[in-house]
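Trainee: Single-letter residue listing:
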Amino acid sequence: MDSKVVLEQLKGMLTVDQINTDQDDLYDAAADRYKKYAKARKVLNVPSPIAIVYPKDTQEVSMLLSYCNEHGINVIPRGGKTATEGGLENWKELTIVIDALHLDSICKIDTYNSQATVQAGVPLQVLEDELRKVGYTTGHSPQSKPVAKYGGLVATRSIGQFSTLYGGIEDMVVGLECVFPDGQISRIKNVSRRAGGPDIRHIAIGNEGALCYITEVTVKIFRYFPENNKFLGYLVKDVETGIKVLREVIVNGFRPSVARTYSPEDAAQHFYHFYENSCVLLFMAEGPKGIVSATVNAIEEAVETYKDGIIKQVDSQLIEDWFNHLNWSQQDIDDEMLGMIDNDSHAGYTTEISADWETIPKIYDAVMERVRNEFERAEDLTMLGGHSSHSYLNGTNMYFVYNYKILCEPEDELIIYHHPIQRIIVEETLKAGGSMCHHHGIGKYRSEWTREEHGSAYYMLEKLKQAFDPNGIMNYGTIFPQEEGMKYIQ
Amino acid sequence: MKIICVVKFVPDVDNFTYDHEKHIIIRENSRMMVNPDDACAIGFALKMKQRSPDTSIEVVTMAPESVLPLVEDILRVGVDTATIISDRLYAGSDTYATSRVLSRYLSGATYDTILTGSHAIDGDTSHVPSQIACLLDLNHMSYISRIDESSFSSSLARFEVESEQAVSSYEIQMPAILGLTRASGYRLPYVRYKNLNMDVSDRVTVIHNDVLCFDESEVGLTGSRTKVVGTHVKTYKNRSHHVVTTDQEGIDTVYRFLKDKQFI
Amino acid sequence: MKRILIYIEQHHEQEGLDLLETARQIYQEEPYETYALVLKSQYDALKGIFDVIVDLSEECLQEYEMRAISEVCYQLHKSYHFDAILFPATSWGRLIAPRVAMMLDTGLVADVTDIAHGEHGLELIRPAYSGRIMASIQITGDGPMMLSVRPGVFSYTQHKKAATQIRIPQDLRYRTGGLKETGRKEKHSEYDIRESDVLISGGGGVERYFHELRPLAELLGGHVSASRAIVDKGVADRNVQVGQSGKTVNPRLYIALGINGALQHIEGLRNVDYIISVNTNKYAPICSLSDIVVEGDAYTFIHRLIDTIHKEKGYEGH
Numbered sequence: 001m002d003s004k005v006v007l008e009q010l011k012g013m014l015t016v017d018q019i020n021t022d023q024d025d026l027y028d029a030a031a032d033r034y035k036k037y038a039k040a041r042k043v044l045n046v047p048s049p050i051a052i053v054y055p056k057d058t059q060e061v062s063m064l065l066s067y068c069n070e071h072g073i074n075v076i077p078r079g080g081k082t083a084t085e086g087g088l089e090n091w092k093e094l095t096i097v098i099d100a101l102h103l104d105s106i107c108k109i110d111t112y113n114s115q116a117t118v119q120a121g122v123p124l125q126v127l128e129d130e131l132r133k134v135g136y137t138t139g140h141s142p143q144s145k146p147v148a149k150y151g152g153l154v155a156t157r158s159i160g161q162f163s164t165l166y167g168g169i170e171d172m173v174v175g176l177e178c179v180f181p182d183g184q185i186s187r188i189k190n191v192s193r194r195a196g197g198p199d200i201r202h203i204a205i206g207n208e209g210a211l212c213y214i215t216e217v218t219v220k221i222f223r224y225f226p227e228n229n230k231f232l233g234y235l236v237k238d239v240e241t242g243i244k245v246l247r248e249v250i251v252n253g254f255r256p257s258v259a260r261t262y263s264p265e266d267a268a269q270h271f272y273h274f275y276e277n278s279c280v281l282l283f284m285a286e287g288p289k290g291i292v293s294a295t296v297n298a299i300e301e302a303v304e305t306y307k308d309g310i311i312k313q314v315d316s317q318l319i320e321d322w323f324n325h326l327n328w329s330q331q332d333i334d335d336e337m338l339g340m341i342d343n344d345s346h347a348g349y350t351t352e353i354s355a356d357w358e359t360i361p362k363i364y365d366a367v368m369e370r371v372r373n374e375f376e377r378a379e380d381l382t383m384l385g386g387h388s389s390h391s392y393l394n395g396t397n398m399y400f401v402y403n404y405k406i407l408c409e410p411e412d413e414l415i416i417y418h419h420p421i422q423r424i425i426v427e428e429t430l431k432a433g434g435s436m437c438h439h440h441g442i443g444k445y446r447s448e449w450t451r452e453e454h455g456s457a458y459y460m461l462e463k464l465k466q467a468f469d470p471n472g473i474m475n476y477g478t479i480f481p482q483e484e485g486m487k488y489i490q
Numbered sequence: 001m002k003i004i005c006v007v008k009f010v011p012d013v014d015n016f017t018y019d020h021e022k023h024i025i026i027r028e029n030s031r032m033m034v035n036p037d038d039a040c041a042i043g044f045a046l047k048m049k050q051r052s053p054d055t056s057i058e059v060v061t062m063a064p065e066s067v068l069p070l071v072e073d074i075l076r077v078g079v080d081t082a083t084i085i086s087d088r089l090y091a092g093s094d095t096y097a098t099s100r101v102l103s104r105y106l107s108g109a110t111y112d113t114i115l116t117g118s119h120a121i122d123g124d125t126s127h128v129p130s131q132i133a134c135l136l137d138l139n140h141m142s143y144i145s146r147i148d149e150s151s152f153s154s155s156l157a158r159f160e161v162e163s164e165q166a167v168s169s170y171e172i173q174m175p176a177i178l179g180l181t182r183a184s185g186y187r188l189p190y191v192r193y194k195n196l197n198m199d200v201s202d203r204v205t206v207i208h209n210d211v212l213c214f215d216e217s218e219v220g221l222t223g224s225r226t227k228v229v230g231t232h233v234k235t236y237k238n239r240s241h242h243v244v245t246t247d248q249e250g251i252d253t254v255y256r257f258l259k260d261k262q263f264i
Numbered sequence: 001m002k003r004i005l006i007y008i009e010q011h012h013e014q015e016g017l018d019l020l021e022t023a024r025q026i027y028q029e030e031p032y033e034t035y036a037l038v039l040k041s042q043y044d045a046l047k048g049i050f051d052v053i054v055d056l057s058e059e060c061l062q063e064y065e066m067r068a069i070s071e072v073c074y075q076l077h078k079s080y081h082f083d084a085i086l087f088p089a090t091s092w093g094r095l096i097a098p099r100v101a102m103m104l105d106t107g108l109v110a111d112v113t114d115i116a117h118g119e120h121g122l123e124l125i126r127p128a129y130s131g132r133i134m135a136s137i138q139i140t141g142d143g144p145m146m147l148s149v150r151p152g153v154f155s156y157t158q159h160k161k162a163a164t165q166i167r168i169p170q171d172l173r174y175r176t177g178g179l180k181e182t183g184r185k186e187k188h189s190e191y192d193i194r195e196s197d198v199l200i201s202g203g204g205g206v207e208r209y210f211h212e213l214r215p216l217a218e219l220l221g222g223h224v225s226a227s228r229a230i231v232d233k234g235v236a237d238r239n240v241q242v243g244q245s246g247k248t249v250n251p252r253l254y255i256a257l258g259i260n261g262a263l264q265h266i267e268g269l270r271n272v273d274y275i276i277s278v279n280t281n282k283y284a285p286i287c288s289l290s291d292i293v294v295e296g297d298a299y300t301f302i303h304r305l306i307d308t309i310h311k312e313k314g315y316e317g318h
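Protein sequence lines correspond, in order, to chains A, B and C.
Each residue of the first sequence is one higher than the one before, starting from 1 at the first, in my numbering.
Each residue of the second sequence is one higher than the one before, starting from 1 at the first, in my numbering.
Each residue of the third sequence is one higher than the one before, starting from 1 at the first, in my numbering.
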């Protein structure tokens, strides 16, 4: 189908101000933060979508999806645009971005039942601010909090800095509404728990826009006791010691909201003023007083248990101050963009993986070893490190962080620098039995390994795609590997 | 049109090491790169080649042969040929001796113009372009922040020079030596991924003293007119990290500090 | 008696005069004669100070006629046999001096910032590697010795009363042409924080009184810069922003007022000799990098420091 015809037909379905064909906006919509450098330098190698549309309600989403489904038009669902793995990147000539801009109402805040219902385009920060007024919190605080929106957060299985206490978004979602390519609107009701067959919330949560369009979600909300917050920080000898202390605290049944271990290289990025070239281990305990003091005690006991690996305790004020300056803002993102235009550099990349307690340090060491020895541009690295920031009863994550001098043309940056490092991290993780995608989603660039990530269970994933999106119009190339898209990867 | 770009390879000043006993820069450990101003000269030449494809560009450098991979990368972005002037006799040459070596090569080369940088980030004497101009009896100007591309020809160049106070326009008769600055914004591109392993070995010539025929006394340390007899490295001291408040005592501490360091 | 030729650049007479101090440090107690070479006839400031003024105003040379000027220098040397030829390391000085040195087959040291008399004799000190090292250079060969001297580091304060001879050289032979200035646009008085020796920098903590920084900057001979926090708020202009998304600066003194000091900001500080930070929070990261941490309000700090400087200055004046 011809893009002109599609645009004409869209005009029949929506008002003029709901259809955006501004060239700059379309260019912006062609890629997300994955190709940020090429994008800033105006050398993107992927096509721009033909329009960004802004439906006003679920019915319009349904109408748009069934239209696209019928005509084989690729659809990219979009929220706050903070995707980092290519989930919002466009690989098709005929693509429409469906932006949740106008799905922006907070439907209900229900403190008695501890739940709130919002439309997909409500920014997390907006709900958080509303909840704070009534003494509650979402408990969700990814770095993208000031920008990210609920539809995107749920669709990507987002996680926040307080996950050790509150869980990831999947632990918060009570029910939701979503629309499938054939126009079917499904509402999953909000109940405390049920045994009604498989938990179908998880078909929508984390679908990355490759199965359905999430229009509304209901999440748990939590009483908030900021006055009780306590911060603890330590310098430790190595990553492994830090992770052992994290484990000790968690397996004893305690849930600090923040529990992290940073490698020295990564610590330098955040704590250059006190890290003294060592690893940094830090905690934040929150909640009612009794829980906070019990948690603090437990942390101190765990630290005592591993005292041989602890260098010293740091002033908790330093941790609190760092914490208060943690989140990105839209300004940070815009600024990085400006910086990339002016300088041959950006703020670096990350690859986040997870595994059980005993495997994580092994993956970390193997990755460091391989990058240093195999990565051809190792001498251009300005930073290679990582931190563990989300812990669970059976394991934790590792957030590999790296940056480099970009000594190549912007078109070649990913293939020369990011891909080889990412490949090493993913290979080592999968080899050790971990997951290559702890919380950013698979997006497009890790779809190369989706089959390997899921192994024999990929069968289940693939059947979902076949069942819900038989025409393959939902976010082409995301999660599900596409031979044709490889030209954008290699 | 034939353009010769005279360039220098310099250590990445941000990460260099220095042998305090021998007073030489340990170049093996620090990454070498094309001097940034000189890279602008190549960048401009490549731009002119884009405008008129019959332009040919030769890069000339006096350097140890170990710069070969870096020179090859310059050939992989569109420069036609490269000449490395290298001989152990030339090691330790100051700007005077270096200018003489380069000039002897250039006096036998054909060119319509010579492009180079204004400053080098290592020595930063800016002597070599002026001294080559003197030896080859060429017109010369440095600190060029913009060249008018459309009027650039083998007989004339128009350009701007930016200083702190003003932007001046000049016309120069060719052949001439033009020294660019980073303010010009001309960029030496990086080698594209697909060309990283392009074989360019047939376009590099390495010239030794058997071609230029200097007497041993004319070049290197003995042929130089200046020598480095000592160095003093600026080091980051441990900051005293003295904490005061804004009371008069604190202000006096700051005042004394500023006075001590001659800011007042 | 030693003879020293000093090149006087138009509109930079003071830089030329200051080279007399360089000459004094080179020859110390030895007797010497000083020659000033001037292109244009406005040289009243030099009269009574130099022994000889060589006046080229009849030749009508432009300062950019480097070939001609160096040929003149060459011929003057052939008549006077100078022991030293000094240029200010201004743009033109740094272009002419190397030509003269090459014509005279002599050694030239660029951008000299200090003179030392070491065990091997005279050593000329100059920065290299963007100021990361200071190199001591000796001139070998038969001379004359040639220097270009960084403006502003030597300062001539004596006012020797000498009878100055004015000499107008005759029969100079030189070639002009080849390079011609065709236009000149004066720039506005914008400053570039990358060139500043002293930066008074404001962050989020001084949002309401950022304009108060300027008097302090002027008093310390520096300029005002800012962190991203207040650039984003539109209080400070983006071209004075220090940091990863702004400019990399290398002043000798950096006073950080109300700046937290995230790594992105610190990335913009390279080769800063001294940092003073003023912050209500002494745990702010930038404090760890500072020579002096002033815990408190930047507004009070600025005013008290300005008062103190004025008071002390007044005292010294009496």
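These are calculated hints, taken from the structure and not from any lab test.
One thing to keep in mind: the hints can contain errors.
Stated by the list, open to error - PhoX-like mimics (lysine-lysine), calculated; alpha carbons at most 20 Å apart, straight line: (1) A:108 <-> A:220; (2) A:133 <-> A:220; (3) A:312 <-> A:237; (4) A:362 <-> A:237; (5) A:405 <-> C:247; (6) C:40 <-> C:247; (7) B:259 <-> C:311; (8) B:261 <-> C:247; (9) A:312 <-> A:36; (10) C:2 <-> C:247; (11) C:161 <-> B:259; (12) A:108 <-> A:56; (13) A:36 <-> A:56; (14) C:180 <-> B:261; (15) B:194 <-> A:487; (16) A:133 <-> A:244; (17) A:81 <-> A:36; (18) A:133 <-> A:108.
Trainee: Against this structure, judge whether each hint is valid.
Mentor: So, going through the hints one by one against the coordinates:
{"no.": "1", "hint": "A:108 <-> A:220", "verdict": "holds (12 Å)"}
{"no.": "2", "hint": "A:133 <-> A:220", "verdict": "holds (16 Å)"}
{"no.": "3", "hint": "A:312 <-> A:237", "verdict": "holds (10 Å)"}
{"no.": "4", "hint": "A:362 <-> A:237", "verdict": "holds (16 Å)"}
{"no.": "5", "hint": "A:405 <-> C:247", "verdict": "holds (17 Å)"}
{"no.": "6", "hint": "C:40 <-> C:247", "verdict": "violated (39 Å)"}
{"no.": "7", "hint": "B:259 <-> C:311", "verdict": "holds (14 Å)"}
{"no.": "8", "hint": "B:261 <-> C:247", "verdict": "violated (25 Å)"}
{"no.": "9", "hint": "A:312 <-> A:36", "verdict": "violated (39 Å)"}
{"no.": "10", "hint": "C:2 <-> C:247", "verdict": "violated (47 Å)"}
{"no.": "11", "hint": "C:161 <-> B:259", "verdict": "violated (32 Å)"}
{"no.": "12", "hint": "A:108 <-> A:56", "verdict": "holds (18 Å)"}
{"no.": "13", "hint": "A:36 <-> A:56", "verdict": "violated (29 Å)"}
{"no.": "14", "hint": "C:180 <-> B:261", "verdict": "violated (44 Å)"}
{"no.": "15", "hint": "B:194 <-> A:487", "verdict": "holds (14 Å)"}
{"no.": "16", "hint": "A:133 <-> A:244", "verdict": "violated (38 Å)"}
{"no.": "17", "hint": "A:81 <-> A:36", "verdict": "holds (12 Å)"}
{"no.": "18", "hint": "A:133 <-> A:108", "verdict": "holds (14 Å)"}
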